[in-house]
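Peer 1: If you read the sequence shown in numbering that gives the first Met the number 0, its first letter stands for residue 0, the second for the next number, and so on.
Calculated directly from the structure, the hints in this document are not laboratory data.
Treat each hint with caution, since some may be false.
Across the chosen pairs, the derived CB separations fall in these ranges [to be verified]:
#1 Arg221 - Phe312: 42 to 50 Å
#2 Glu259 - Arg401: 43 to 51 Å
#3 Gly257 - Leu314: 17 to 25 Å
#4 Leu110 - Leu386: 26 to 34 Å
#5 Glu373 - Thr105: 18 to 26 Å
#6 Tyr311 - Pro164: 22 to 30 Å
#7 Phe312 - Ala393: 31 to 39 Å
#8 Pro313 - Leu213: 49 to 57 Å
#9 Glu42 - Leu382: 23 to 31 Å
#10 Gly257 - His103: 23 to 31 Å
#11 Arg221 - Gly390: 20 to 28 Å
#12 Ile216 - Glu286: 24 to 32 Å
#13 Ala274 - Ala220: 34 to 42 Å
This structure is a prediction, so every number in the text was calculated from the model and none was measured.
The beta-carbon is built from N, C-alpha and C at its ideal position, and this holds for glycine as well.
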Amino acid sequence: MASSNALARALSTRDSRLFFTGSMVAWTGLWMQRIAVSWLAWELTGSAFWVGMVAFCDLAPAVLVSPLAGAMADRVDRVQLAMWTQIAIALQAAAVAGITYSGHMTIGILLVLEVCGGTAASFAQPARQTLMPGIVARADLPAAVAANSLCFAVARFVGPAIAGPLIAIWGVVPAIAANAVGYLFAFATIWLLRVDPKERRGHPVSTSLGREVLAGISYAARHKGLGPLLLYAALGAVLLRGMQEILPPFVERLFGRGAESLAILTACFGIGALAAGLWVASRGRLEGASRLAVFAALAQAIATVGFIATGYFPLGMLCAALIGGAASVHGISVQTLIQSAADPGYRGRMLSLWGLITRACPALGALALGALGEVFGLRWPTLVAVLLFLGVFAWGVARLRRMQQELEGTPAGPAAG
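Whenever a hint applies, use it, and build me the whole structure from the sequences.
Peer 2: Here it is, written out as structure tokens:
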């Protein structure tokens, strides 16, 4: 009952409802565009490599941008930064929809626009996420992080469910345009937020942006809990997440199906993520989050093997739901630990590193998997990636006890490690 009350409290205030409603609408549009753009790339080229390259161009800018974005989120007005990044994402979506509607879209133009969208999203992620401690009480922060991930999971279900029929009947343009509308709505909700002034900025500006980027990387590397946790998450994302980023060739080559089934599979990922997210949110506590982060990635690896081993679509749907659920448990646990353990002055930079992991690492995995898939087929490269992950899992288990001590006890300060 107490854990359920924590979730209810996290959603009870005007500002939290505005924040999460805006997130839900924006992410629904985001998933509609992701499905549409992935299918557009497949229609333009018929190549798993180019589908992987489109995913790479959307996600890879995080490698260069996320550290800068995190440092900016720690030194500028986070509300203003979040607002203008929502506008930038809306403009990118409008550009993709408009050029596609005009009939002038090429794979080259799509790649450039995806780089622009990925850059804006890399700035948006730490700006938005650092606002949460300013709109909920600290005791409710784990539940708020879970609620945020639940919004993403619901959007991951609803977005493809809407996008699939839209693409099948009217093509990709309406699905992409919906993302522009969604992010304009998110802009408006952030503008209406009343954020605790102490949380609008991480710290006074005292040095250059570059020095702050390096200080954030150093802080993560020295922290005996956050460092191993982020490295484990990064390696897991490279090896396990690529398959989800290039679903169209899997849908066609493994199951012999089209856009509607792509939307169904993506929705299954979302359903699994939603169910698992509700369970994590119902826990309402930090204890055990490190173990969940480590073992959920193993569950994701096992479900991935099941997905590629079958050509039977209903079994593929079940495995997709299990993958989504395991990924949700892992992601919520990692974010909760970062929000709780990181010093407030470094929170934006730590969340930007998490953003880098969730965007750049899957992009690298997708690019490698798409390229290898052209030569060896899709099943064997995916299986090799899972086998490599088992070594990463063994490494994570060996460091689990220390991570628990560092991340689930007293929040760490700047000198941690």
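Peer 1: Compare the structure with each hint and give your call.
Peer 2: Outcome of the hint check:
1. Between Arg221 and Phe312 the C-beta distance comes to about 48 Å, which sits within the given range of 42 to 50 Å.
2. In this structure, Glu259 and Arg401 meet the distance hint of 43 to 51 Å, their C-beta atoms being roughly 47 Å apart.
3. In this structure, Gly257 and Leu314 meet the distance hint of 17 to 25 Å, their C-beta atoms being roughly 19 Å apart.
4. A beta carbon spacing of about 31 Å between Leu110 and Leu386 agrees with the range 26 to 34 Å that was offered as a hint.
5. For Glu373 and Thr105, the hinted distance range of 18 to 26 Å is satisfied, since their beta carbons lie about 20 Å from each other.
6. Evaluation of the 22 to 30 Å hint for Tyr311 and Pro164 yields a pass: the beta carbon distance comes to about 24 Å.
7. A beta carbon spacing of about 33 Å between Phe312 and Ala393 agrees with the range 31 to 39 Å that was offered as a hint.
8. Taken as a hint, the range 49 to 57 Å holds for the pair Pro313 and Leu213, whose Cβ atoms sit roughly 50 Å apart.
9. A beta carbon spacing of about 28 Å between Glu42 and Leu382 agrees with the range 23 to 31 Å that was offered as a hint.
10. Between Gly257 and His103 the beta carbons are some 25 Å apart, a value that agrees with the proposed interval 23 to 31 Å.
11. In this structure the supplied range 20 to 28 Å holds for Arg221 paired with Gly390, their Cβ-Cβ distance being about 25 Å.
12. About 29 Å separates the C-beta atoms of Ile216 and Glu286, a value consistent with the hinted range of 24 to 32 Å.
13. About 35 Å separates the C-beta atoms of Ala274 and Ala220, a value consistent with the hinted range of 34 to 42 Å.
Of the hints listed earlier, there is not a single one the structure fails to meet.
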